[in-house]
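Protein chains in written order, with the working numbering: chain H, 1 to 294; chain L, 1001 to 1340.
It should be emphasised that the hints constitute simulated quantities derived from the structure, not laboratory data.
In this text the structure is predicted, and so the values were computed from the model without any measurement.
The reader is advised that the hints may include incorrect statements.
[Stated by the list, open to error] Pair by pair, the computed Cβ-Cβ distance ranges are: (1) L:1142 to H:179: 49 to 59 Å; (2) H:262 to L:1159: 38 to 48 Å; (3) L:1159 to H:53: 54 to 64 Å; (4) H:93 to L:1039: 35 to 45 Å; (5) L:1325 to H:179: 27 to 37 Å; (6) H:279 to L:1208: 18 to 28 Å; (7) L:1218 to H:272: 22 to 32 Å; (8) H:130 to L:1152: 48 to 58 Å; (9) H:79 to L:1209: 28 to 38 Å; (10) L:1028 to H:53: 49 to 59 Å; (11) L:1322 to H:115: 30 to 40 Å; (12) L:1208 to H:180: 22 to 32 Å; (13) H:167 to L:1191: 48 to 58 Å.
All residues carry an ideal CB built from backbone N, CA and C; glycine is no exception.
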Amino acid sequence: MLTIVLQQGINGIVFGSLYVLVALGLTLIYGVLVQINFAHADIVTIGAFAAYFFTFLFGGNYLVSIGIALMVGAALGWLVNATIFAPLRERGSELLPLIATIGVSILLQNAMLLWFGPIPYAFDSPYSNEVIRLGGGTFITWQNLIIIGVSAVTIALLYAFMKFTMMGKALRAVAQDRETAGLMGINPNQLIMLTFVIASALAGMGGAMLGPILVLTPFAGTSVIVKAFAIVIIGGFGNVEGTIIAGLAVGLVESFATQLVNPGLTDLIVFTLLLLMLAFRPTGLIAEKREENV
Amino acid sequence: MSSGGGLALAGQSGNRRWWLFVAAVVIAALPLVFQDSYWRTNLIVCAINIMLAIGLDFILGYAGQLNLGHSAFYGIGAYASTLLIMKLGVPFWMAFVCAVVLSGAAGMALSIFAVRLRGHYLAIASLGFAVIVHQVLLNWISLTQGPLGIYAIKPPPDIALPGLPVISFGNTANMFYLVAAFAFLFYLLLDQLVRSPIGETLTAIREDEVSAASFGINCTAWKVFAFGVGSAIAGAAGAFYASFVGTLVPDAFIITESFTILAMVIVGGMGTLIGPVWGAILLTVLPELLRGFGDLRLVLYGAALTLVVLFLPGGLVQAVQILRARFGLLRTAGDAGMRR
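Could you put the whole structure together from the sequences, leaning on the hints where they help?
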């Protein structure tokens, strides 16, 4: 029993750290722009495909492919902001950008369906079969170790960037009050662009590591993104620490639900948690200033 | 602006009866024009989609609540009516009423639950609700048979009026008349609602909830009301869908279905009732015409949604207005000159 608990704990952290990578992007964008990017899901999917094609068509190294996916994601983030969010920002509508990105998402999914077909791709990471035995009958694959390591380093770097660099401070200033930040000589448009690039780079990177775990089809990102939405809300929209905790928690809940209850019910449990959270604590795990939406 | 708008409305209301008459004639003529079962099927799907779109538009365009879970109410209506008929032997029309009431109640429940939430939070909460409903349909196998689906659902019972031939809804033309009649009825109902003070109240809440509340409007109650009406109509659409298609699988009510309905509302023009009708027709018929292009048609669907939001936020209705302004300019200028 203890072995099962430990093993599912490891699995939960693996999934959780990937959810954190995806959800952090949504939270960052929400923090700065108070907007939701639905096409985030497809950046995850495209990241996964980029990594797949790099490793299997061009024979590249899997670790390098994570970097490739990161760059592809960053480019897509720039594109989504330049074409959708920047033009709509002047109109000041709350919901139109969200609806527009739903359109982008439908567009990208079906474009991928057209090119890649509906049949799942077998994205086997070379590290999936190399197992490290830990004590007590538990084990971890190199792949999972890479996922946890890369995610942890990325999250730590992001955290340090936000906390200690000038640009990170400017970013937080824009998130708190865009107009005042503008008066202090910060260019909010540049920082919003930077946020999109960072957020989408995280999504692309998450996609490259999710690829071998998920069923890799053009719709792979969608299943992750709805959970990422749940995580972002549970953690408190725009709250980085809350998102990290909530992401790991959802990963763990999911992995134990799979083991102890029924694999089919994991989404049900996660979303019931979400609705309960919205009902009783809509500000998220860590309550913060943002009140206007609650 | 407001007095001008009032004048325009007064001018239109004389035309309104005329337009409704034209619409009824067109509905009556459609199955006669389209005799083959393929296009008649599309007509019925059009009518169902119109119900879904105007219901969502009432919630989104008038009450200003972004509901991304419309597919859930559609699914609740479909499964509720079918299960009542097949498991409990309830007559079709009673099951239909139950499905409408149940979907409406589910919508109101979600709305009460989420009433403190606005904008993005409501969007995500309704999305979560849609995921939960889909998962329940998928996993409650003893009731819904899960992904295997429910088969051999009968069409609505025949209507035998004395002295007239029996009306069978196995016939696609009759089925179309039935569904279209209900779509028309719901349109009239919503049309009356949005023209009444209720419509103005909802618009006031949409534009500025705090000011609306300061006028003594109970915003919560009206938002719940709008959500209930919109989702009840989706429930009716679901009941017709099940009895028309004859099979039910949970994946018919997956969240992407919500996005499809949303696209119809936006492309047509949210905040008007006629817009979503045209949006539903266009986005049902156009993909069929483009069937030869395979998956490309759904790419176009997404492109249409994005481009409309970016360049034509009023949708088809705005496009018509622009065209009318351009070509009607001379005429109105002439009228003004005559009046002077």
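**Q.** Outcome for the supplied range 48 to 58 Å, where the beta carbon pair is residue 167 of chain H and residue 1191 of chain L
**A.** 54 Å, holds
Q. Are residue 1142 of chain L and residue 179 of chain H spaced within 49 to 59 Å by their CB atoms?
A. 57 Å Cβ-Cβ, so the 49 to 59 Å window holds.
Q. At the C-beta level, are residue 79 of chain H and residue 1209 of chain L separated by a distance inside 28 to 38 Å?
A. This hint holds: roughly 35 Å between Cβ atoms.
Q | Cβ distance range 30 to 40 Å for residue 1322 of chain L and residue 115 of chain H, holds or violated | A | 36 Å, holds
Q) Has the hinted range 48 to 58 Å been met by the Cβ atoms of residue 130 of chain H and residue 1152 of chain L? A) 52 Å, holds
Q. Is it true that residue 1028 of chain L and residue 53 of chain H lie within 49 to 59 Å of each other by Cβ?
A. Holds - the Cβ-Cβ distance for residue 1028 of chain L and residue 53 of chain H, about 55 Å, lies within 49 to 59 Å.
Q. Is the hinted range of 22 to 32 Å satisfied by the C-beta distance from residue 1218 of chain L to residue 272 of chain H?
A. 29 Å, holds
**Q.** Beta-carbon spacing of residue 1208 of chain L to residue 180 of chain H - inside the hinted bounds 22 to 32 Å or not
**A.** The hint (22 to 32 Å, Cβ to Cβ) holds, given that residue 1208 of chain L and residue 180 of chain H are roughly 24 Å apart.
Q: Could you tell me whether the CB distance from residue 279 of chain H to residue 1208 of chain L stays inside 18 to 28 Å?
A: 26 Å, holds
Q | Pairwise beta carbon distance, residue 93 of chain H to residue 1039 of chain L, judged against the given window 35 to 45 Å | A | Taking Cβ atoms as reference, residue 93 of chain H and residue 1039 of chain L lie about 38 Å apart, which means the hint holds.
Q: Using the Cβ atoms, figure out if residue 1159 of chain L sits within 54 to 64 Å of residue 53 of chain H.
A: Roughly 59 Å apart at Cβ, these two residues keep to the hinted range, so it holds.
**Q.** Hint check for residue 1159 of chain L and residue 262 of chain H - Cβ pair distance inside 38 to 48 Å
**A.** 45 Å, holds
Violated hints are absent here; each numbered hint is respected by the structure.
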